[in-house]
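*Asks:* Just need the whole structure built from these sequences, with the hints factored in.
FYI, in the UniProt record's numbering the residues of the sequence shown are 1 to 940.
It cannot be assumed that every hint is accurate.
Said to hold, decoys possible - Computed spacing ranges between beta-carbons, pair by pair:
| hint | residue 1 | residue 2 | range |
| --- | --- | --- | --- |
| 1 | E555 | N372 | 48 to 56 Å |
| 2 | K465 | G806 | 49 to 57 Å |
| 3 | P464 | G333 | 44 to 52 Å |
| 4 | S387 | P464 | 21 to 29 Å |
| 5 | S593 | D274 | 19 to 27 Å |
| 6 | L474 | K867 | 54 to 62 Å |
| 7 | N174 | K236 | 18 to 26 Å |
| 8 | G729 | T586 | 20 to 28 Å |
| 9 | T366 | T331 | 57 to 65 Å |
| 10 | D445 | N328 | 35 to 43 Å |
| 11 | S593 | K79 | 56 to 64 Å |
| 12 | T114 | S72 | 21 to 29 Å |
| 13 | G666 | Q580 | 16 to 24 Å |
Stated by the list, open to error - Below, computed lysine-lysine pairings styled on BS3-like, alpha-carbon distance capped at 25 Å:
| hint | residue 1 | residue 2 |
| --- | --- | --- |
| 14 | K473 | K523 |
| 15 | K440 | K465 |
| 16 | K275 | K193 |
It should be emphasised that the hints constitute simulated quantities derived from the structure, not laboratory data.
Where is the CB? At the ideal position from N, CA and C, for every residue including glycine.
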Amino acid sequence: MLQHFLYYMKEDITMSLRTTGCVLVVFLCSVTVVLGQDGWGVTYSTQSICAGMGSSLELNATYTHPSNHKFSKAFWYMKNDANGNLLNLMDDPDYRDRVMYRNDKRNTHTLTITGLRASDSAMYWFRLITDQPGGKYTGNPGVTLSVTGLQVNVAGENTGKTLTCSTTCPLPGNTTYIWYKNGQIVNESTSPKYKDSVYSNNEDSYSCAVKGQEDFHSPAMCVQGQDCSRVIYTEKSICVLKATSVDISCTYDGYYSVTSSLWFSPKQSGRWRDKLIPEDLTTDPGYAGRVEYSDQESRRYRGPFTLRITDVREEDSAEYRFTFKTHNNFTWGQNLPGTTLTVTALQVEVTDESEGQNVMLNCITTCTLPGNPFYIWYKNGEHIDESTSPQHKDSVYRNYGDSYSCAVKGHEDLYSPVVCVQGQDCSRVIYTKRRICVLKGSSVDISCTYVGYSNVRSSLWFSPKQNGRWRDKLTPEDLTTDPGYAGRVEYPDQESRRYRGPFTLRITDVREEDSAEYRFTFKTENNFEWGQSFHGTTLTVTGLKVEVSPTFRSESKTLTCSSTCPLPGNTTYIWYKNGQHIDESTSPQYKDSVYSNYGDSYSCAVKGHEDLHSPAVCLYGQGCSRVIYTERRICVLKGSSVDISCTYAGYYYVTSSLWFSPKQNGRWRNKLIPEDLTTDPGYAGRVESSDQSSWKYGRTSTLTINDVREEDSAEYRFTFKTEHNFTWGQSLPGTTLTLTALQVEVMHESEGQNVTLTCSTTCPLPGNTTYIWYKNGQHINESTSPQYKDSVYSNYEDSYSCAVKGHEDLYSPAVCVQGQDCSRLTYTKRRTCVLKGSSVNISCTYVGYSAVTSSLWFSPKQSGRWKDKLIPEDLTTDPGYAGRVEYPDQESRRYRGPFTLRITDVREEDSAEYRFTFNTENNFEWGQSLPGTILTVTEV
Numbered sequence: 001m002l003q004h005f006l007y008y009m010k011e012d013i014t015m016s017l018r019t020t021g022c023v024l025v026v027f028l029c030s031v032t033v034v035l036g037q038d039g040w041g042v043t044y045s046t047q048s049i050c051a052g053m054g055s056s057l058e059l060n061a062t063y064t065h066p067s068n069h070k071f072s073k074a075f076w077y078m079k080n081d082a083n084g085n086l087l088n089l090m091d092d093p094d095y096r097d098r099v100m101y102r103n104d105k106r107n108t109h110t111l112t113i114t115g116l117r118a119s120d121s122a123m124y125w126f127r128l129i130t131d132q133p134g135g136k137y138t139g140n141p142g143v144t145l146s147v148t149g150l151q152v153n154v155a156g157e158n159t160g161k162t163l164t165c166s167t168t169c170p171l172p173g174n175t176t177y178i179w180y181k182n183g184q185i186v187n188e189s190t191s192p193k194y195k196d197s198v199y200s201n202n203e204d205s206y207s208c209a210v211k212g213q214e215d216f217h218s219p220a221m222c223v224q225g226q227d228c229s230r231v232i233y234t235e236k237s238i239c240v241l242k243a244t245s246v247d248i249s250c251t252y253d254g255y256y257s258v259t260s261s262l263w264f265s266p267k268q269s270g271r272w273r274d275k276l277i278p279e280d281l282t283t284d285p286g287y288a289g290r291v292e293y294s295d296q297e298s299r300r301y302r303g304p305f306t307l308r309i310t311d312v313r314e315e316d317s318a319e320y321r322f323t324f325k326t327h328n329n330f331t332w333g334q335n336l337p338g339t340t341l342t343v344t345a346l347q348v349e350v351t352d353e354s355e356g357q358n359v360m361l362n363c364i365t366t367c368t369l370p371g372n373p374f375y376i377w378y379k380n381g382e383h384i385d386e387s388t389s390p391q392h393k394d395s396v397y398r399n400y401g402d403s404y405s406c407a408v409k410g411h412e413d414l415y416s417p418v419v420c421v422q423g424q425d426c427s428r429v430i431y432t433k434r435r436i437c438v439l440k441g442s443s444v445d446i447s448c449t450y451v452g453y454s455n456v457r458s459s460l461w462f463s464p465k466q467n468g469r470w471r472d473k474l475t476p477e478d479l480t481t482d483p484g485y486a487g488r489v490e491y492p493d494q495e496s497r498r499y500r501g502p503f504t505l506r507i508t509d510v511r512e513e514d515s516a517e518y519r520f521t522f523k524t525e526n527n528f529e530w531g532q533s534f535h536g537t538t539l540t541v542t543g544l545k546v547e548v549s550p551t552f553r554s555e556s557k558t559l560t561c562s563s564t565c566p567l568p569g570n571t572t573y574i575w576y577k578n579g580q581h582i583d584e585s586t587s588p589q590y591k592d593s594v595y596s597n598y599g600d601s602y603s604c605a606v607k608g609h610e611d612l613h614s615p616a617v618c619l620y621g622q623g624c625s626r627v628i629y630t631e632r633r634i635c636v637l638k639g640s641s642v643d644i645s646c647t648y649a650g651y652y653y654v655t656s657s658l659w660f661s662p663k664q665n666g667r668w669r670n671k672l673i674p675e676d677l678t679t680d681p682g683y684a685g686r687v688e689s690s691d692q693s694s695w696k697y698g699r700t701s702t703l704t705i706n707d708v709r710e711e712d713s714a715e716y717r718f719t720f721k722t723e724h725n726f727t728w729g730q731s732l733p734g735t736t737l738t739l740t741a742l743q744v745e746v747m748h749e750s751e752g753q754n755v756t757l758t759c760s761t762t763c764p765l766p767g768n769t770t771y772i773w774y775k776n777g778q779h780i781n782e783s784t785s786p787q788y789k790d791s792v793y794s795n796y797e798d799s800y801s802c803a804v805k806g807h808e809d810l811y812s813p814a815v816c817v818q819g820q821d822c823s824r825l826t827y828t829k830r831r832t833c834v835l836k837g838s839s840v841n842i843s844c845t846y847v848g849y850s851a852v853t854s855s856l857w858f859s860p861k862q863s864g865r866w867k868d869k870l871i872p873e874d875l876t877t878d879p880g881y882a883g884r885v886e887y888p889d890q891e892s893r894r895y896r897g898p899f900t901l902r903i904t905d906v907r908e909e910d911s912a913e914y915r916f917t918f919n920t921e922n923n924f925e926w927g928q929s930l931p932g933t934i935l936t937v938t939e940v
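*Replies:* Right, here's the structure in full:
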């Protein structure tokens, strides 16, 4: 300390004193006198101070300097840095988030330190700097700070003991001491001694605190032995980033086992039925789906006890306490402060340098994050630096185009808002949500806003998780081209918002493997490119699950509708018992405890997504009756067939069952009693179900619908009765069927004359779908992606159509890639059924700019009779159809159509597909592979 003092006093003295050695000695002997002679002086408000751990402290220094000097800056320090320079507390990692300076016009400089720690015990000096060369001065000696904790000292005999709230240094005389007995406030006093002597009870514990710093109370102390009941919180205060998860824990010490316990927050007392009786945080709607007691079952008797809060929010900043009861009816009080949680976000602070065009950047928080975090810096969306210091390593130039953001390693998705270093026109992306939790099978919109001076020229969404599929791992590829998302992703409103946004990625029929991070990147008209390493939106896909507690055998159970991520706060939970709707609530926990019945099953759902309900679970064992649908949602092509199935699980035999659709209840004799779909006139001749007579555990029932129509889009449910008169409820959602047709979407590229083609549907087809492409009626490509492999040139003559393998006859209408004059065919009917011996007309319409010069009808079934199997022959020349086929009105309609094939006296062997092909006057030829009309010949 003496060497430190000599070094800096020597530096200061040469500034204004013309003598050296003897003056230094005098200065050491009488510091204030010598320095005061030259106008320099520092007067501290106190030379030493004692403060309680966790409290805040103000130190004042009043200074003077020579009259020909002007104040430049001042700071406080308590040590040197690695280079031997004075370390400003504002730059010290141990202090920078806890100190504040204030300077007033009366030459008084104030240091405030918050959240005092034991390690803060030290001497603090004030350093003054003026505008003159060598104008530096340190007030020495400084102020000695002693930080103390509290301890209960127990003295005396068994018949009466004296309790003292002791410290390692004397606290100010106006201190008020608070006393707690078994967690409950029992006394306040200005004396550190407890008012009465206390009886030596093996069970009782005492703790003390200082008023204003109750959070930093002493450890609870037994007055006799070490078996008294008490709670020890692992941490007094915790600082966490918004949207992360946090564990708040405590340890129970005591002789008896805990029989019941709960965590609560005094901040929530306004929601309690009785403000004096705390309520379990797991039942608080404000924390719905976000709190749990981890390892509760295995540690319920002795602890440790942990409260886990996920997706923490700013309003979660509060104090959290634990209370319990033991086997001998001991109850822990509710007054002893627990753990204080502070929720913070990151913010980039831009500070002007004293000179020049540069600025300094700091990544700041409202509380001190634990564990010396690594700070990550992004410039224009690109990762540029990592450091243990929250200050960016270099000053940065004031560029109107540049933006910066910071994050903490391990929580990169919780970065600070992007800030401009000059003005507000820098290019940046603002994601609407950082994290999204959605139910498996639902749809989700992930969006962002672009802010900047220039218009966006090109953009795309991508997922870093998919980089193994990219041609170059450093060059992200558009998610719409990823086979894993085929038919499930789109950019809604892309055309109308392509220049300024907002930009939205829509994913339908979300799957577990879609859980990933999604990012947006873009280029602007002035060639600015947004980086690819800036974190976007993290999507978590979850299912619902009914959790039953306790897991061991007990008469009553608690049911919770759980998910792997927190669903939005306004979620309404729906409960089903044995397939029947019984309750709705904003809490994921069922309102009542339920009786352990071997036969009962429970399921839960979220309002608006009832079809995505949880699997039904038994309260005890696995013998309860329940239905498990093979698929919750099915998307099929109009005109195809579909199987909808379910499995019955249960102990008893099924005696009767049926499939029904709630959509058809207007046709039922009683709207509350469903009727078998096989008797519904709207499905006549098109539905059948598998044999369901007298079957038991594990048997599958299947409903088959043929020739599905648009009006068949509905929900289908199964119900049954068992041999013991058990009836499965009718309100648990079953399988939702959606009918779709194919459509070719034409998207013009941002540059050039090319377009992108996508085979789209109104619902996502199964993941193993193969798409077939036709150009001008000719098969050209097959792929598992609904997007055509290449961009195509905008030709006025070309038309494109798509189909799904296995359902080629259900292809999309042909579309033009430019204008509406491309050559194309439209068949009047895709399928037709006629009676044997009757006549049938099969027709099509031609649309195009040029007139038809030649045409014919043919059947691929007859290719074995052609001279060349690749060149179809006119059906009128086929011997099998001799005298039975004609083209009516051929002469009057030969150039534009419609074109009709008439077959008379139809026979069973005429059941086949019939196609039309043509040539136009400009030598355009329609292909032969696009499916036509399928004829089925039947007998009555």
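*Asks:* Work down the list of hints and note, for each, if the structure agrees.
*Replies:* To see whether the hints hold, each was checked on the structure:
no., hint, in the structure
1, E555 - N372: 48 to 56 Å, "51 Å, holds"
2, K465 - G806: 49 to 57 Å, "31 Å, violated"
3, P464 - G333: 44 to 52 Å, "51 Å, holds"
4, S387 - P464: 21 to 29 Å, "23 Å, holds"
5, S593 - D274: 19 to 27 Å, "21 Å, holds"
6, L474 - K867: 54 to 62 Å, "56 Å, holds"
7, N174 - K236: 18 to 26 Å, "24 Å, holds"
8, G729 - T586: 20 to 28 Å, "23 Å, holds"
9, T366 - T331: 57 to 65 Å, "36 Å, violated"
10, D445 - N328: 35 to 43 Å, "56 Å, violated"
11, S593 - K79: 56 to 64 Å, "59 Å, holds"
12, T114 - S72: 21 to 29 Å, "27 Å, holds"
13, G666 - Q580: 16 to 24 Å, "22 Å, holds"
14, K473 - K523, "19 Å, holds"
15, K440 - K465, "19 Å, holds"
16, K275 - K193, "31 Å, violated"
Checked against the numbered hints above, the structure violates hints 2, 9, 10, 16; every other hint is satisfied.
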